[in-house]
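Chain F is already provided as a structure; the job is to place chain R on it using the hints.
So the sequence lines, in the order shown, correspond to chains F and R.
Taking my numbering, I'd label the letters of the first sequence as residues -8 to 648.
Taking my numbering, I'd label the letters of the second sequence as residues -8 to 648.
Each hint should be verified, as a subset may be incorrect.
Because identical chains cannot be distinguished in the list, a pair is counted as satisfied if it fits within a single copy or across any two copies.
Unchecked claim - When the alpha-carbon atoms are kept at most 30 Å apart in a straight line, the in silico DSS-like pairs for lysine-lysine are as follows:
#1 Lys524 - Lys500
#2 Lys487 - Lys503
#3 Lys213 - Lys50
#4 Lys319 - Lys513
#5 Lys407 - Lys50
By construction, these hints were calculated from the structure, which means they are not laboratory data.
There are 2 protein chains.
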Amino acid sequence: MALPIFASDALSSVAYAPQELLMILLVGGTAFLAFSPWVAAAVIVLLVVVVLSYRQLVKAYPSGGGDYEVARTNLGEVPGVVVAAALLVDYVLTVAVSVASGVDNIISAIPSLDPVRVELAVGFVVLVVIVNLRGVREASRAFAIPTYVFIGSVGVMIVVGLVRWALGDPPVASSAGFAVQADDLTQVAVILLVLRAFSSGCSALTGVEAVSNGIQAFRRPKIRNAQTTLTLMGTIAILLFAGLTTIALVSGVHYAENPCHLVGFDCESLVQPSLMAQVAAATFGAGSIPFFIVQAATACVLLLAANTAFNGFPLLGSVLARDGYAPKALNTRGDRLVYSNGMIILGIVAIAVLVVYQANLTNLIQLYIIGVFVSFSLGQIGMIRHWLRGLGQIRGFSKAARAEEAVRAETFALRKGLVINSIGATLTVLVLVIVTITKFTHGAWLVFLAIPIIATLMIGVNRYYRDVEHEIAMDDRTRFGSTGDLALILVNRLQKPVAKAIDYALAAKHDKTLAIHVSVTKSDTDALQREWKEHGMPVPLAIIDSPYRYYAQPIAEFITQYREKHGASVVTVYLPQYIVGHWWETLLHNRRARRIAQQLMLIHGVTITLVPWLLDSSELIYGRRSRPLPGQERAGQPFEPATGPVSITERSSLEGP
Amino acid sequence: MALPIFASDALSSVAYAPQELLMILLVGGTAFLAFSPWVAAAVIVLLVVVVLSYRQLVKAYPSGGGDYEVARTNLGEVPGVVVAAALLVDYVLTVAVSVASGVDNIISAIPSLDPVRVELAVGFVVLVVIVNLRGVREASRAFAIPTYVFIGSVGVMIVVGLVRWALGDPPVASSAGFAVQADDLTQVAVILLVLRAFSSGCSALTGVEAVSNGIQAFRRPKIRNAQTTLTLMGTIAILLFAGLTTIALVSGVHYAENPCHLVGFDCESLVQPSLMAQVAAATFGAGSIPFFIVQAATACVLLLAANTAFNGFPLLGSVLARDGYAPKALNTRGDRLVYSNGMIILGIVAIAVLVVYQANLTNLIQLYIIGVFVSFSLGQIGMIRHWLRGLGQIRGFSKAARAEEAVRAETFALRKGLVINSIGATLTVLVLVIVTITKFTHGAWLVFLAIPIIATLMIGVNRYYRDVEHEIAMDDRTRFGSTGDLALILVNRLQKPVAKAIDYALAAKHDKTLAIHVSVTKSDTDALQREWKEHGMPVPLAIIDSPYRYYAQPIAEFITQYREKHGASVVTVYLPQYIVGHWWETLLHNRRARRIAQQLMLIHGVTITLVPWLLDSSELIYGRRSRPLPGQERAGQPFEPATGPVSITERSSLEGP
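Chain F with its partners taken away, still in its complex shape (with noise of 0.2 Å):
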């Protein structure tokens, strides 16, 4: 059951990573395509170095983590924010790709949907963050059926093109008769071309991370079986990434990166068909049965791989919000216990690329990768820090216990550790490079400007937080015995909240209780006099003139004077508060009593106390709701029948002063 979740996103991945392979070679001219089965073997090795190295990551970092608990952990502060930060863009890129090679898939079978593309996929978007917002835990057995249709139809795919090819009959793409305009190229050229297409199948490698980050979610033994998740994700997709490519160059699938390219293609009014679609039209006929449940099946799988991003970025974000590099808002479980503050960031910020980005898959492919390598790399790189302090402790045990039978068993699994992740560390810088050096003038800079500020806002987080933390830490310097406490309760018209919160405060019992109206209109203070007097009131009424129609500032006078003269050093105010029961009537409740307490809370030694009014309306809206919006806080449920035990578990103490 674990393959599906997990595996939908680094499977999705070959359902682009072909196509931007051949597509960049294909700038070259057709001719190029003949470098095509070297550049796919070179991303496959790639894929098996990677999946072995993250066998050995899972195996010594189970608690889930993944590269930011590693880099962290072996490297120190900065590289692990680093990696955070880059997990974090890479999400979101996860997401705007995906989504945009889904919309490109569905289009490829529906042509006519592409004036709404950008609008399709902010669709999707929304559509997911809504899904996950409701908790789709329970839902992922029905997410295996698209990835296990994805994985069989493909691979029939394949499997049919394959046979007839050796059967001398081999499919034929609707592009593989157009002719392709290309300019000449200078050798480096050449070179920088074959990599660039490098780098852009190794978006075939996204994904593969995702094991990391999700152990926890696996059965027991975990370790053992999300290895053999990782090592059965990586054969799958070789086997599809090497098929695919090699239907679509048996079958002539010409996909350019600007159609107007291809000779004898009507660029103005038809949409290029993916490459999928290509090589499912050839294979089962355009418009058949299979060709259908192919495009269906890519397009479930890539939305799929969008929501995989939307379990790991929230994720990652209670993480680092626990660890003090985010805001804590992030580790905050909303309704149905999911992480929903994350979600619904990663929701905007995706729909905001997709957004500036026009769902073109093309561009967005620049951005992508470069994150999960930055990731890829400094993870390896701190498994082989973590392999190197292992073989050390070993290398300071006496002699005889060196000898020994385990520690020399050990020993040998450290060193292929750290032989697997240096090899692995290797090739992911190496590939780093080529990606920076490649796609760097393409967009991806963005990258390389987002991932510094991002993590240095994190360290900027983590220090305030620290010195907050440091302000309010306890000591034993705390004198407790204030006295002589005032309580004040603010009167603007005398209605039943007013007397409620009087009653209110005569019951705490302060020292002095005084009802104080500011006045701004002579009359309205008249009558408010008159009434007092006429309903007996039980406490005194001050009155505080304000001839500039300031509220705060009279009242921080009158408390002033009020100390000097007697001496309080605790002053509450009582304000009453209204409560409604809908939205739009708060819009109709003046805010000068929230206002006048933010003010007041800045004077020293004052205190507000909110005496609630609830209103008609409340009443008949909270007793009637039965459960918050998508999205809303838990709790934020008041009257939710109970669904837990409630026990006070130290009744004894209950006996007070």
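Structure of chain R alone, referenced to chain F:
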């Protein structure tokens, strides 16, 4: 001095009224321009009648409520609210039309600005909003200059043009040579076209009502000064309107609704200059200094007209809020004593209208003046009622009393008013019908949709306030003397803010004081209990288990259980609250405490006491800040040096119970 402030709205109308009048006629072809003197004459007659009618209204209702007050007093609530809604809609359109026309005249002088038309328009609205939020009254002297320059320069232009015409050397407009494509029209269509031209020309009348809404701003004798201003303004408006229309006809301006209908005009690459620009260029020469003076003065006066709406809208909003027909926030004076909320709303809505209509003057004019004529008509009808009531009172007098000189003079005045306003009512209702017929399908249906919706909302708001008022009205059944109060201090971790809350709770001497901790993570709870003992906290700590990570609900159940056992009637929950200095700090602090407060306030008998904890940054910021940002409430100035004396008028009452 009153003239420039109130007249800019009315006078600026002549910048677009002749253009729109001639433009509509030109739809029928150049031959139709022969109708223009008659149509213009009809507009002038109407303008005279309306000015005379408003002289009567100003005399009868000098309080400044304008048509809204007249309709509400004489016709009842619904007509009053309809007038208010119509005026609010028209204030928005005044801003949109004036700014669009102003931008049009700027672009006529500097055609290269055409691509940023909408941005310019939005920018001007933002500018006017900011200027008004900062308090515009001091600058009103500066406002006089553009108005006088406008009157002067346009006056000179008309005189020069007429003199040149008389000398046989009439100015020739740049568009005089262009023929116009026109369809053959049926007789009905001809009549409709002429009526449409009249409707568009009636936009010259807008702004006349401004004086009646601003009488309070006049110097004494207010009524006489207001009447004089009205007459003067009307005379100037008529002269400018008539003069400009004449010169436009003499110089042969052909201004087309669709510039591509002008045969010989390169509508693809050139911008059609406004009528004002064409006349100025023909009279003084394109690019001459007087040409730029006329254009600059026109643009300035149009922006001042927009500014007038920023005086009128918030004022009407505050009157409506005072009467309970609009949210009370509209009656809150912001910084510098202006009604900032109303200004911000007007700005946002006007920008939305400008963006939706792409700052297209011709389309905006279609929506305009309907609101004005609804308001004119209901105001005039209200005035008829007013005079009739006065005459009815006199009819009730004895015969002897009626014969008295004063009463006879009074009767004469009443009859005079009745006659003038009857003519006014008849004509304005007639024009309202014409305007409705000719503009409804051209976009004005939107206004007919908006006015009743706004009016209904206003009545709804009024009913809501009435219900709330009834609900919270003081009665003598309120009994004081709740007893058995309990203080709960919410503790998450033991930090200084918690210690402060405990200190304050103890100072208030509640019957029972108790710290409570909602236990979500066992280890955190254990640590808290350990620290609690170590620091020797003076109140007992109760632990509430919450295995499902709820916060508010377990506390609510705790309160319920406690009450059942101990019978506390008032529960005060102490919540430490951070006060931060930078807006971004709020993003970094959990809002859990606030959410819990909101939930607990729904429980009967619970009050929330916020114990502020000023973080270092807040002292830094609030200590330094000298004055609030524009638009911020005046009450939001905590440490501004005192500007007025604060006196405690009932010192004797300070000796509380």
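Review point. Should lysine 524 paired with lysine 500 be assigned to within, between, both, or neither, using CA atoms and 30 Å as the limit?
Key: Close inside one copy (22 Å) and across copies (29 Å); limit 30 Å.
Check your understanding: From the Cα coordinates, with 30 Å as the cut-off, is the pair lysine 407 and lysine 50 best called within, between, both, or neither?
Key -> within (13 Å within a copy, 100 Å between copies)
Point to revise | Intra- versus inter-subunit Cα pairing at 30 Å for lysine 319 with lysine 513 | key: between (48 Å within a copy, 20 Å between copies)
Practice item. Since the copies are identical, ignore which copy is meant and state whether lysine 487 and lysine 503 lie within 30 Å (CA to CA) inside a copy, between copies, both or neither. Key: Both ways: lysine 487 and lysine 503 sit 22 Å apart in one copy and 27 Å across, limit 30 Å.
Exercise for review: Since the copies are identical, ignore which copy is meant and state whether lysine 213 and lysine 50 lie within 30 Å (CA to CA) inside a copy, between copies, both or neither.
Suggested key: within (9 Å within a copy, 89 Å between copies)
Consistency note: the structure conflicts with none of the earlier hints.
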